[in-house]
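Novice: Fit chain R with the ligand to the supplied structure of chain H, relying on the hints for placement.
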Amino acid sequence: MLRNKTKSEISWKEKSSMNTEKIRKEFPILRRKINGRRLVYLDNTATTQKPASVIEAITEYYEHHNANVHRGIYTLSQEASEKYEEAHEETARFIGAQNGEEIVFTRNATESLNLLAFTLGKELKKGDHVLVTLLEHHSNLVPWQQLKEKGIHLDIARVTPEGLLNERDFEEKLSLKPKLVSFTAASNALGTRLPQKKMIKAARDSGATTIVDGAQAVPHEPVNVQKLGMDFMAFSGHKMLGPTGIGVLYGKKERLESLPPFLTGGDMIDTVTEEKSTWNALPWKFEAGTPNVAGGIGLAAAIKYLNGVGMEAVAEHEQKLLQYATNQLQEIPGIRRYGPSPEHKLGIISFNVNGIHAHDVASVLDQNGVQVRSGNHCAQPLLNALGIKASVRASFYLYNDRPDVDALVDGIRSAQKLFKVTP
Amino acid sequence: MNELYSELVLDLYRNPPNRGKLQPHNVRASGGNPSCGDAVTFTLWMENGIVKDIKFENEGCAISTAMQALLTEHVKGKPVAEIQRITEQNALEWLGGSITPTRQKCATFALKILQKELRAVEQRNK
Ligand SMILES: Cc1ncc(COP(=O)(O)O)c(C=O)c1O
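These protein sequence lines are chains H and R, in that order.
Taken in order, the first sequence gives residues 553 to 975; the numbers are from my numbering.
Taken in order, the second sequence gives residues 4 to 129; the numbers are from my numbering.
For reference, chain H alone in the conformation it holds in the complex (with noise of 0.2 Å):
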C-alpha cells in the first residue's frame, strides 16, 4: 500500500500542472507538417508560434474598429484608441508596472535598447563607464559600444567556464562607478538566469542607472518590475506570442519623464511652433508616428492568453521539459552540452554532436520536422570565451511535450547515423 502510494504520488508530481494537449489545439500551426512530418518547433528563443486567440484579436480589429489613433473624434478612432491604450495597461499589468504611462511600444527588444542608448547616452560624458555582461544578446551590447565615439568605456563583466555570471567580476566592475548597468536577465545561446535582484540591487546601491533585457525573462516567468527594482526593462512581442512588429520599453515614470525624446515627429508632440516644441505625455512622448496598432492589440492578446495559463505554470512546464530533455540527451553518446545545469537555466539547451557541424544536425533533424537554430545565436563574444564557433540550440515553450523532445533525440540519433559517428 505504502509503496503504490508513494509512487503515485511521485507521478502525479511529474505530471505538469499545464494541459498541454488543450494548449496544442489552440495553435494552429501545430497542425501542419515539415517534411512530411509532425511539426516540432524548438526554436522559442527567436521567435514563438501564435495562439488562434491573437490571429483573432488581430483580425477582429482590422475588420471592425482599424483607424488611426488619438488622431479623430469619431467612432472607429474612439474605438481603436481606447482598444491601443488598454494594451498598455495590460502590459503594465503583466509586469507589474505601476500603469499604461511606464509602458512605451517599440518594434522589439532591440528598439527599446536602440532608444536608452541614444537617450541615455547624451546625458553620458567623456570617461563615464557602462557595464554589461558578455551573456548579452548582440542587442544589448553593440548599442552601447557605439557609445564609445563619445569617450565611453564599455565593461564586459566575465561568465565562469559553466556559462555563469562570474559574480566576483561583476563587483569588480561596479566599483568602476559605472552610469548605466545593463543585463540581460537570461542568455538567449545558453539559457543561464543571472540573478537579477541581487545585480540590480549592486548597482542601485553604486549609483548606476539599472536596465535589464527582459527578452527571455518576461514570456518564460513570472516578472515583477516594482518587487525588480530596475529603471528600465525591454522585451518584444513576438517572443511571448504576441505578432512580429511589437516591442516594450518599460520605465519607471520619472525615469522616461526625465528622458529627451528619441524620435520626433507627430503623434509625441504636445504644441509645435515654428521654432520648437514640446513633449506630449508618457508613453507618447516615445512613440513618434502612427503607431504598430495592431501589434498592440495582438501582444495584449497574447498576454491575456499567457494569465489565462498562468506565467508560474509555464515556468514549472519548461523546467520539468528542461530536466527531461537534458537527462534524455545525456543517453546520446558523443554530445557536449554547454552552459549550466538545468535549475541555473530557461528551457534552452544548447549542444554539439561530435563529428557533425550543428548545421548539419540542424539539417538532418528538419528533415524530421525539428525546427532548432542553429550558429552563434546573436552572441558572438560570448561563444568565442567559451570556445565555441558554433552550437544547435533547442528552447521550449509551453505547447512543447515529451513527445517533441523524443522527436528531438531520434533526429539527433538519425544524424549521428547519416553520419556514421555512432561510437
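Accuracy of the hints is not assured; some may be wrong.
Taking lysine-lysine and the DSS-like style, the derived pairs with C-alpha atoms no more than 30 Å apart in a straight line are [stated by the list, open to error]:
hint : chain 1 : residue 1 : chain 2 : residue 2
1    : R       : LYS108    : H       : LYS972
2    : R       : LYS115    : H       : LYS941
3    : R       : LYS58     : H       : LYS941
None of these hints come from the bench; they were simulated from the model.
Specialist: Only chain R with the ligand this time, still in chain H's reference frame:
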C-alpha cells in the same frame, strides 16, 4: 538516399582531399560566411595564370567542406579565366542532391572568395 546529404557530400566531409596548407604558396584567399561562422583559407601556387596546386583549410559544415574540396579538385591545373567562368549553379550541380535554399550559401561562399582573390591577383599583375 538522403536528399541533402548525398554519399558524395558525406564522403568528402569525412575524407576531404587537398585539405591543409600548401607550402610554399604564392596566393592566399581567405574569408567566411559571417552569418554562420564558417571560414575557409585557400593556399595556391600560381604560374603564368594557371593554378598549379591548391589546398584549403576550413571550419564549417559538411556542405561547405564538401564544396571546398570539390572546388580545389576542379580548379587545379586550370587557367584563371576558366575558373572565373564557374557559376554558383555549376558548383551546386557538382554536389548532386538538392541543396535547400537556406544551405546554398554554405555551398557557394567559398567560390566567391576564391574568384575575388584571383581577380585581385590579376589586377596586381596588370
Ligand atoms: C536576450 C535577448 N535580447 C534581445 C533580443 C532581441 O530581440 P528582437 O530581435 O526581438 O529585438 C533577443 C532575441 O533573440 C534576445 O534573446
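Novice: Each hint needs a verdict: does it hold in this structure or not?
Specialist: Okay, the hints, checked on the actual structure:
1. R/LYS108 to H/LYS972: 25 Å, holds
2. R/LYS115 to H/LYS941: 22 Å, holds
3. R/LYS58 to H/LYS941: Distance of about 22 Å is within 30 Å: holds.
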